[in-house]
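Student: Please construct the entire structure, taking both the sequences and the accompanying hints into account.
Protein chains: 2
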Amino acid sequence: MAAYDFAAARLYVEDGLAEGGEIEIRDDRANYLLNVLRLQAGEAILVFNGRDGEWRARLAQARKRAALLRLEARTRAQTGGPDVDYCFAPLKHARLDYLVQKAVEMGAARLSPVRTRRTQVARVNLERMRANVVEAAEQCGVLRLPTVEAERPLARLLAEWPAGRAMIVCDEGAPVADPLVALRALPRGAPVGLVVGPEGGFDPAERELLLSRGDAVRLSLGPRILRADTAAVAALALVQAAVGDWG
Amino acid sequence: MAAYDFAAARLYVEDGLAEGGEIEIRDDRANYLLNVLRLQAGEAILVFNGRDGEWRARLAQARKRAALLRLEARTRAQTGGPDVDYCFAPLKHARLDYLVQKAVEMGAARLSPVRTRRTQVARVNLERMRANVVEAAEQCGVLRLPTVEAERPLARLLAEWPAGRAMIVCDEGAPVADPLVALRALPRGAPVGLVVGPEGGFDPAERELLLSRGDAVRLSLGPRILRADTAAVAALALVQAAVGDWG
Chain A
1 MAAYDFAAAR
11 LYVEDGLAEG
21 GEIEIRDDRA
31 NYLLNVLRLQ
41 AGEAILVFNG
51 RDGEWRARLA
61 QARKRAALLR
71 LEARTRAQTG
81 GPDVDYCFAP
91 LKHARLDYLV
101 QKAVEMGAAR
111 LSPVRTRRTQ
121 VARVNLERMR
131 ANVVEAAEQC
141 GVLRLPTVEA
151 ERPLARLLAE
161 WPAGRAMIVC
171 DEGAPVADPL
181 VALRALPRGA
191 PVGLVVGPEG
201 GFDPAERELL
211 LSRGDAVRLS
221 LGPRILRADT
231 AAVAALALVQ
241 AAVGDWG
Chain B
1 MAAYDFAAAR
11 LYVEDGLAEG
21 GEIEIRDDRA
31 NYLLNVLRLQ
41 AGEAILVFNG
51 RDGEWRARLA
61 QARKRAALLR
71 LEARTRAQTG
81 GPDVDYCFAP
91 LKHARLDYLV
101 QKAVEMGAAR
111 LSPVRTRRTQ
121 VARVNLERMR
131 ANVVEAAEQC
141 GVLRLPTVEA
151 ERPLARLLAE
161 WPAGRAMIVC
171 DEGAPVADPL
181 VALRALPRGA
191 PVGLVVGPEG
201 GFDPAERELL
211 LSRGDAVRLS
221 LGPRILRADT
231 AAVAALALVQ
241 AAVGDWG
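Which chain is which? The protein sequence lines are A and B, in order.
Numbering-wise (the numbering used here), the first sequence opens with residue 1 and increments by one.
Numbering-wise (the numbering used here), the second sequence opens with residue 1 and increments by one.
Since the hints were derived computationally from the structure, they do not count as laboratory data.
Quick caveat, the model's predicted, so the values are computed rather than measured.
Please note: incorrect hints may appear among the correct ones.
Said to hold, decoys possible - Simulated restraints on C-beta separations:
#1 123(B) x 186(A): 41 to 51 Å
#2 118(A) x 79(B): 51 to 61 Å
#3 15(A) x 76(B): 21 to 31 Å
#4 40(B) x 186(A): 50 to 60 Å
#5 76(B) x 209(A): 27 to 37 Å
#6 76(B) x 215(A): 52 to 62 Å
Cβ atoms here follow ideal geometry from the backbone N, Cα and C, with glycine treated the same way.
Tutor: Structural data, given as structure tokens:
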């Protein structure tokens with residue numbers, strides 16, 4: 001892992017990226033580029049779209065509400081990443097923003113909000129989640145952006161669970177046992193889905209539903225209770241180390 | 001790990017705790033108890049001091065700037081925890097608060113701020129760090145509070161490194177390799193110190209200094225660059241799972 005320059009300005013775009021190409025940035029994104037990052041004509045920035053790697057682009061023209069970038073050279077090839085779904089009970093505003101940003105850094109492939117009995121928020125704002133995905137990817141140099149799935153009740157998440165995808169459940173009720181032993185049963189690179197409940201945990205009926213699946217891996221995160229955003233990073237670290245692309 | 005009630009009001013106190021004892025809470029803490037938590041006479045709260053476990057106490061008397069609590073029964077025995085030092089380059093205000101809170105949840109025994117060339121803050125506020133330790137312990141039910149050490153330059157941290165304490169360095173320059181293999185060399189329960197650099201990483205001379213210690217375990221946290229607070233939780237999760245008390 002090469003040192004990455006957090007200070008480098010990076011911009012997510014939706015256009016395709018290829019040598020010699022030009023991209024027009026409009027409206028809010030142009031405002032961000034010109035008035036927040038204060039990019040001047042002739043200056044370079046890194047751009048990425050989640051598909052074509054990372055490119056160096058130069059500001060060719062700045063107008064009032066639009067900016068024209070000219071692509072120069074690819075600085076990094078597109079990378080994939082491990083097939084890790086992160087299924088979680090949404091939190092309230094700032095803590096959900098944080099949780100989403102952390103899941104991006106930790107390399108999740110998909111973010112699946114799950115409604116549970118003890119979920120604390122009435123409705124999850126998917127647009128805001130997507131904006132946090134983009135912001136975290138811009139800040140941390142992540143080239144593969146996780147997709148944001150619609151919110152589903154827990155029972156539906158389980159009913160629609162894809163065949164062949166291992167389910168890993170962070171279970172506060174599990175006896176404290178070496179989580180690495182539990183994870184070692186899965187082959188590296190296996191498609192997995194990590195399910196983390198709300199603060200206060202799954203309710204008894206939900207736990208029963210989850211644990212009635214004989215193939216679910218129960219993961220204990222130690223003898224202390226973790227906040228949901230801490231559990232996100234801790235569980236993803238163990239999964240990436242044992243099954244994902246940290247090996 | 002039994003379900004823990006995040007909603008239960010918990011108060012850190014400095015007094016010794018024993019059956020039938022009384023504790024007078026004054027000033028800011030009394031204000032917190034009476035005006036923030038709004039505890040009414042006769043209502044119960046949990047108290048802990050980091051030494052004598054957790055106790056149920058009832059508000060016996062509320063005065064203007066003081067509250068008298070009467071101890072009823074011990075609800076949890078004092079727990080120790082793994083001997084894990086967390087040595088880190090301090091971050092700016094809110095992100096340092098967050099990092100400290102996360103390290104408490106993750107069960108660190110000691111918090112050691114380390115000055116590095118790329119550390120972004122001029123001076124670390126140890127009182128604020130201690131307040132964050134207390135707040136995180138109150139919120140998350142952690143009974144052993146980590147101690148907060150004075151800030152030291154990296155060279156001094158290394159010169160004063162205790163004999164017999166394994167050093168684990170989060171090294172952005174390390175080749176991506178299974179971090180669990182690196183940690184498996186350490187026996188469970190071994191005293192360890194985890195060293196995490198600033199954002200932007202250690203500078204070349206610092207890395208050389210760190211890696212010149214033949215016994216340092218180099219830990220890679222995968223192919224993506226993590227923010228320092230994310231690296232804190234991820235690295236502590238791996239250490240607790242492989243060496244600490246998650247086993």
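Student: If a hint holds in the structure, say so; if it does not, say that too.
Tutor: Right, here's what the structure says about each hint:
The given range of 41 to 51 Å is respected by residue 123(B) and residue 186(A), whose C-beta atoms sit roughly 46 Å from each other. The hinted range of 51 to 61 Å is not satisfied by residue 118(A) and residue 79(B), whose Cβ atoms lie roughly 26 Å apart. In this structure the hint that residue 15(A) and residue 76(B) lie 21 to 31 Å apart at CB is violated, the actual value being about 57 Å. The hinted window of 50 to 60 Å between residue 40(B) and residue 186(A) holds, with their beta carbons roughly 51 Å apart.
About 30 Å separates the C-beta atoms of residue 76(B) and residue 209(A), a value consistent with the hinted range of 27 to 37 Å. Residue 76(B) and residue 215(A) have their C-beta atoms about 35 Å apart, which leaves the hinted 52 to 62 Å range violated.
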